Amino acid sequence: MPLLVEKRQLVTPGDLIAEGEYRAGENTYERDGKIYASKIGAFDSRDNTVYVIALKGFYIPETDDLVIGKVIDISLSGWIVDINAPYNAMLFVSEVFERSFNPRKDELTEVFDVGGMLLAKVAAFDRTRDPVLTLRGPGLGKITHGRIVEITPTKIPRLIGKKGSMIDLVKKGTGCQIVVGKNGLVLIRGKKPEDEASAIKIIRIIEEEAHTSGLTNRIGELIKKLKNEVGISVQDKGKTDQ
Amino acid sequence: MSKTKEKLINKKGLRVDGRKPEELRPIRFEIGLLDKANGSVYMEQGNNKILAAIYGPRELHPRHLALQDRALLRCRYHMAPFSVDERKSPAPSRREIELSKVIREALEPAVFTELYPRTSIDVFIEVLQSDGGSRCAGMTAASLALADAGIPLRDLVVACAAGKVDGQVVLDLNDAEDKLGEADMPLALFPQSDSVMLLQMDGTLSQEEFEKAFNLAIEGCKRIYGMQKEALKAKYSVKKEDLEDLEGGKEG
Amino acid sequence: MDSSEIIPKVVRKGISNLLVQDKRLDGRGLTEYRPIKVETGIIDKAAGSALVSLGKTKVLVGVKVETGEPFSDSPDEGALTVNAELLPLASPVFEPGPPDENSIELARIVDRGVRESKAVDLKELCIVHGKKVFVVYIDIYILDHDGNLIDASAIASIAALINSKMSNYTVKKDGELEYTSGTRALPLQNYPIAVTMAKIDGKFIVDPSLEEEKLIDARLTIALDQDGNICAMQKGGIGTFSTADILEATKIAREKSGELRKIVLGK
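Line order of the protein sequences matches chains F, H and Y.
Heads up: the first sequence runs through residues 0 to 241, numbered per numbering that gives the first Met the number 0.
Heads up: the second sequence runs through residues 0 to 251, numbered per numbering that gives the first Met the number 0.
Heads up: the third sequence runs through residues 0 to 266, numbered per numbering that gives the first Met the number 0.
If we strip away everything but chain F, and leave its shape as in the complex, we get:
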């Protein structure tokens, strides 16, 4: 039974992509033995499963996702956190205090106030209840300094690159610590505001041109240029050509 579409071909919602004994994978659906695309994206298949790599999407939480969130409200059970998803997440009191402790609201505010930013992990999520966050893990907790930018979640794989190659290029080139949240938020911490601004500029270009060729080379060139212009405060630990 044939696949009706070539690998990596662009498909739009409602396009018929397979008939017969295939499984409907991500961003596809099955009806009457036929499989259709449900989002605009690139068609692909693995073994018996056909799926669509979406070119436009929004973040839906999954367990173990690293996310950057903003506290938007405080209740007696804990903190309500905006994680840039259709659902707000919950960080329960028990994540921070001992189980038996029953804190008052002002004690909660002292730990994380409305507007506070967190680096957290998704502990649990199913669509019948809001996602639950945990701070148990290395590096997780309150974000006290740095800049945060938002990028379309579908561009995150491109920002990270094959085995982290692209994000490493940006980190080395700007001397910044960069943490990429699965939910499309990126934390940048540099020694100077100029370094952070350079990193943000580069990330925006990667997002804008994610689906064009030669991007890695262009980014390498841009970093060299910015270093000369701005005098980024990092030792050039050797060439960073890809």
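What the hints contain is simulated information worked out from the structure, not anything from laboratory work.
All values reported here derive from a predicted model rather than from experimental measurement.
We treat Cβ as the ideally placed atom computed from N, Cα and C, and that holds for glycine.
Please note that the accuracy of each hint is not assured.
To spell it out: a stretch of chain H is covered by chain Y in this simulated footprint if at least three of its residues, at any positions, have a beta carbon under 8 Å from a beta carbon of chain Y; those stretches are [said to hold, decoys possible]:
hint	segment
1	28 to 37
2	52 to 60
Partner residues aside, some chain Y positions facing chain H, computed with beta carbon under 8 Å [as the list claims (entries may be wrong)]:
hint	residue
3	D43
4	K55
5	G61
6	E84
7	L86
8	P91
9	V127
10	G129
11	K130
12	Y140
Using 27 Å as the maximum straight-line C-alpha spacing, the simulated BS3-like pairs for lysine-lysine come out as follows [claimed, not checked]:
hint	chain 1	residue 1	chain 2	residue 2
13	F	K141	F	K170
14	Y	K234	Y	K198
15	F	K200	Y	K202
16	F	K190	F	K170
17	H	K232	F	K33
18	Y	K8	F	K200
19	F	K170	Y	K22
20	Y	K22	F	K171
21	H	K234	F	K6
22	F	K191	Y	K12
23	Y	K8	F	K141
24	Y	K130	Y	K117
25	F	K200	Y	K55
Mind docking chains H and Y on chain F? Use the hints.
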């Protein structure tokens, strides 16, 4: 109203704007032009200028309106005060409220609302300039905007009107033809399954005229469907080699 | 309050750090406007129209000219009315419904600038004294909210008025209006420009972006006409300005309004 009835179709069989009876007005789409909305489309169809935008899925307030098993799809069809010949008050008219409902009912079956319980998906259609058939253009633009927002759809919804003018069945009536003609019939389609999502009619048609108009409207829809797909592909066009770095993402 | 209204402390700090060097989040200087684009004549059914982009903020203004009765206190003048719609598609925090206090304030600030500068010579729009006049409707349609809706709306309103055409007409002896062939421009005699400023960390910034607007306690809008007279002022928000601040603001507004007017009239 003038005493002598204006001819809407001339001796050569051409309409007031030079079109043949089964000809569509020129159509163009601009996708993703708004920054804040999750998905947006600007569409022109003849002199119609429509802006459609989507917010969602997002948390729904007040909470008690939320549906436990799916997203709530809300739709607002609205016309700008300067969109018509005589200035229209910005307050929603009864017509706008009715159209908001039928458009929502046409779009909803296309959306996988069951994937996002307790959220809302908000569809906004603003008619910046109106020249007949704005509800059809609004629906066509809105369904593209839903795709632009990355919301999973069973298919794109497409709409087109057919009707009767000077005794002849025609496709895609403009404002003058709608006002002075004998019948106007907007229709929305799920092209893949040939399902009719919206059907309304004003005027009178014989059985034979109705069938002719019905088939013409469906054909018009299919033509516009092709244009919707082209517009999406043009916006999101990607070279095959450059997709190598993409992995199956974890999006909604 | 929508969660997007809450500014993280970390972002607030970032903005403060930049301000120390007289820089802003998007790289602008303190008195720098975002890129402005003005497109006119987009809506044929309107008498005049303008689409203005100020950074990512987008505002569409349509002008309609119709006949109506004059206001009782100005029987020999045409009427002018400004309405603003904060369309729900422009921002996650705008909801459908009748104009709220923000939309009404926006419309009234723009109205003040246009009316007090006598931008439209309303006396030229009288048809029959006390009975029939032309009414100019300015409808402000906010399409995309990324901050400073006031200045974008004011620029779009003036551009739309400049773009407007009304039908030529004569008034017959019995007071009946008869439209004749051809069109004419609206009787315009001034071009007010609004400049909105705010103070963050003791420094004045112009043209606040959406992110900056969430941080400021108060804003000040000053509109000037082409002769350099101040024709409208509005302070908004719960914070305060010192008297010295206000005087400094008028200087900034004077300088910036001249620059903006060149852009609008140049189009």
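Going through the hints against the structure:
Counting residues of the segment 28 to 37 of chain H whose beta carbon lies closer than 8 Å to any beta carbon of chain Y gives 4, which reaches the threshold of three, so the coverage claim holds. With a cut-off of 8 Å between beta carbons, the segment 52 to 60 of chain H has 3 residues touching chain Y; three or more are needed, and the interface restraint holds. For the restraint placing D43(Y) at the interface with chain H, the shortest Cβ-Cβ distance is roughly 7 Å, inside the 8 Å limit, so the hint holds. Checking K55(Y) against chain H: minimum C-beta separation of about 4 Å stays under 8 Å; hint holds.
A least Cβ separation of about 3 Å between G61(Y) and chain H falls short of the 8 Å threshold, and the interface hint therefore holds. With 8 Å as the threshold, the beta carbon of E84(Y) comes within range of chain H, its nearest partner Cβ sitting at about 6 Å, so the hint holds. A cut of 8 Å between beta carbons decides the hint on L86(Y): the least distance to chain H is about 6 Å, and the hint holds. Hint status for P91(Y) relative to chain H: holds, with the closest Cβ pair at about 6 Å, below 8 Å.
A cut of 8 Å between beta carbons decides the hint on V127(Y): the least distance to chain H is about 20 Å, and the hint is violated. Contact between G129(Y) and chain H, as hinted, is not supported at the beta carbon level, the nearest pair being about 23 Å apart and thus beyond 8 Å. Look at K130(Y): its Cβ only gets to about 20 Å from chain H, farther than 8 Å, so that hint breaks. Evaluation of the Y140(Y) hint against chain H yields a held restraint, the C-beta minimum of about 6 Å falling below 8 Å.
Of the supplied pair hints, the one linking K141(F) and K170(F) holds, its CA atoms being roughly 22 Å apart against a limit of 27 Å. At most 27 Å may separate the alpha-carbon atoms for a hinted pair to count; K234(Y) and K198(Y) meet this at roughly 12 Å. A hinted pair counts as satisfied when its Cα atoms are at most 27 Å apart, and K200(F) with K202(Y) qualifies at roughly 25 Å. At most 27 Å may separate the alpha-carbon atoms for a hinted pair to count; K190(F) and K170(F) meet this at roughly 12 Å.
Distance check on the hinted pair: K232(H) and K33(F) sit about 22 Å apart at the alpha-carbon level, within 27 Å; holds. A threshold of 27 Å between alpha carbons decides the hint, and for K8(Y) with K200(F) the separation of about 22 Å falls inside it, so the pair holds. Only pairs whose Cα atoms come within 27 Å are accepted, and K170(F) paired with K22(Y) is accepted, the gap being roughly 24 Å. Between K22(Y) and K171(F) the alpha-carbon distance is near 25 Å, which keeps this suggested pair within the 27 Å criterion.
The hinted pair formed by K234(H) and K6(F) meets the criterion: a straight-line CA distance of about 19 Å does not exceed 27 Å. A threshold of 27 Å between alpha carbons decides the hint, and for K191(F) with K12(Y) the separation of about 13 Å falls inside it, so the pair holds. Restraint check for K8(Y) and K141(F): satisfied, since their Cα atoms lie roughly 11 Å apart, inside the 27 Å limit. At roughly 22 Å between alpha-carbon atoms, K130(Y) and K117(Y) fall within 27 Å of each other, so this suggested pair holds.
A distance of roughly 17 Å separates the Cα atoms of K200(F) and K55(Y); the hinted pair therefore holds under the 27 Å criterion.
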